[in-house]
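A.B. asks: Read off the chains here:
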Amino acid sequence: MSIYYSEEHEWVLVEGDTATIGITQHAADQLGEIVFVEQKEAGDDFEKGDDIGVIESVKAASEIYAPVDGEVITANEALADNPGALNESPEADAWIYKIKLSDMSQLEDLMDLDGYKSFIG
Amino acid sequence: MTDTPKRTPLYDLHVELGGKMVDFAGWEMPVQYPMGIMGEHKHCREKAALFDVSHMGQVILKGDDVGTQLETLCPQAFATLKEGKARYGFFTNDAGGIMDDLIVSNAGSYWFVVVNAALRHQDIPHMQANLAGVDITEIFDRALIAVQGPSAEDVVGALCPAARDMTFMETIMADIMGATCRVSRLGYTGEDGYEISIPEDRAEEIARAFLAHEDCEPAGLGARDSLRLEAGLCLYGNDIDQTTSPIEASLTWAIQKRRREEGGFPGAARIQKEISEGAAKKLVGIKPEGRAPARQGVEVQCANGHTIGAITSGGFGPTVGGPVAMGYVSTNHATPGEKVNLIIRGKAQPAEIVTLPFVQQNYKR
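For the record, the sequence lines run as chains A and B.
Counting from 1 along the first sequence, just add 548 to a position and that's the residue number in the working numbering.
Counting from 1 along the second sequence, just add 13 to a position and that's the residue number in the working numbering.
Chain B on its own, in the form it takes in the complex:
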């Protein structure tokens, strides 16, 4: 990005809180606060953390058959997504690769879609060109904040009692301090929590009110990355991209039964074939046995010294207390328990294929 990075409505608050600001996908975002990535990560798992995710693209879709139309671009069953519910999905391309992942919510009179910051410029024209009879509007005047962790219900519920009664993947419009907000019980940390879309002129005030709760601390992109990695959640650009299929990415769970059978989405030929026959490679959890973190790009070898894949996300897992990684390996080496070697700075380090997630997900069902 050569343009000046953009600032979210919470920029001044990040700076005031001591956030270390970095350029992320064209946005000036806090990578961490004085507590540090490790502390912020653990605080989220133990109590609650507040993340600014306003850099993500928020889009409103209006029309008669939005769910059905979305099914022409995504392999998810959006036509049958009930009002007040959200669902994880992805845009696929004609080759069966993943163009981006997203969260789609049926808000009744309209639909609400959240896409990755770096891909909003791809996704919005893609929807505009392909969703017949759907009016597509990107929202620029609302912040998006995530409150995540076992105390999130208390933190958000204190200002928004209706949030307490929600279950995982529910979405409502609710009043928070007089502001009309979209409150969705979901997130990307593996913990219970909410993502809340707030009018930009009220965002700082509401974020401060959440942070005034004794259990809630601000957390940056660093902790967000280590939390999602421990939770076994894919990061677009690292773990999934235009070439990886949902089956390879171990995201078959996110393609509902009717869509698997009927097809009718871009890349259906490859995706349906891989669902029935399997794919040649698979995204798996990889646990290094030693202390050395294995980062993106590290080669994975089988016990016989042949290359079987590579790490796509890896680092230190603060809750695990050691290195954790995800990567693609040949399907014949993808069974949990398989011993592999990671080539870190030229030396083979022992590791094991493990079942994801590394840390049990803690959603409110």
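So here's chain A without its partners, still in its complex pose:
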């Protein structure tokens, strides 16, 4: 397993040709208290940069941008009832999608943890 990070503050945990994706703790902290998550459904496919969901905090609505091309295997349904989990454990229980990767080479464009840490300063 290896983990990658995007400049849109998402993490991508890769296992074979599938991945789990979510937002980073840094992103969750910046968004503030999260009150609503809108997700795509299993089977929906998307390309890198597509808007694949919305996170609403008490302050504002923010899009989730796809870090890579892929297809939704499962959306984390627990977030519908408990969107606040995204503030508490965005890098663990509160993952957003499990996806099937369609272009493994795109992972090379993402950052590793050290790269992400220096990216957010």
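Hint data in this document are derived by calculation from the structure and do not stem from the laboratory.
Just so you know, not all the hints are guaranteed correct.
To be verified - In silico DSBU-like pairs for lysine-lysine, Cα to Cα no more than 30 Å straight-line:
#1 A:K665 <-> B:K19
#2 B:K95 <-> A:K607
#3 A:K646 <-> A:K665
To be verified - Partial pick of chain B residues on the chain A-facing surface, computed with a CB cut under 7 Å:
#4 G49
#5 I50
#6 K286
#7 A305
#8 P306
#9 F329
Source: prediction; values computed, not measured.
Note that the Cβ used here is the ideal one computed from N, Cα and C, for glycine as well.
Let chain A serve as the given structure and place chain B on it in line with the hints.
C.D. replies: Same frame as chain A, but now just chain B:
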């Protein structure tokens, strides 16, 4: 605003308390503290919260007939406003729209007016040009802080015993820690509380003393917005503007009977006509049924799919525990209980027209 944002006398305290500072109407203000908008909001409803509202314009009016003169610009009955009382009002334009909303206090030897931060540059010249024989002075050397919530009487009363005996919309000059302050029992959260005008060099010390009370926590602009929205209170620029009339804005209650009958204020023709015949659209509460917040600009459709209006303020209501909104809809669809749809990101989300406020107002009458 391209100018460097201004700082209030409490700027250093906000930073020390961990306030997240943002530019608001040309002022560097805390949007929230480490407690977070949700926590600050709930703390205000349950105990007490302290807000810095020093960015608002404080103005002193002096003259023989200030109340009567103000009636030429506003549809409120200020000529009969008793000494020691405050009243909510608004400047109207010739087309019957709202130029700004304000609080006017009769302080006896002078009058005290508080206007919105973003509109002080409009309102003060407007008063100077139109209030005959009235001397108008904007105050720059006083902070304005609001202490709001069911514990506000204890928090403020501990340092200012006279504040305990006041009722809603009363205003006095009182000593707080040796500083002469204007203490008014009002606010914009729907809760009991006070707004206190304090000499700038004593503001931080007095704010710290209020915050030392175990029930009082600092709250930022984020909580102030969600509190006023739940309380059904209009935000100038969102819910009311130069085009919306007081009748459309459901602010007819703020126009006293004599003024409704006599007129004599800008836009009286439209306003009096709408009072008797109604307006085509009306500001209402809108409660989304799901969890998705409906924000400013969201289209409102009737059950048949026709556009009937738009959201002007909307977000998450921490006390309600779900999304809340206000907006204008056609008057024939403005009856509480009417089912509507909100078009959020292209999808219709069910909602209902409701009576404002979302949370019962808790004033000390």
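A.B. asks: Tell me the numbers of any earlier hints that the structure contravenes, in ascending order.
C.D. replies: Failing hints, ascending: 1, 2, 6.
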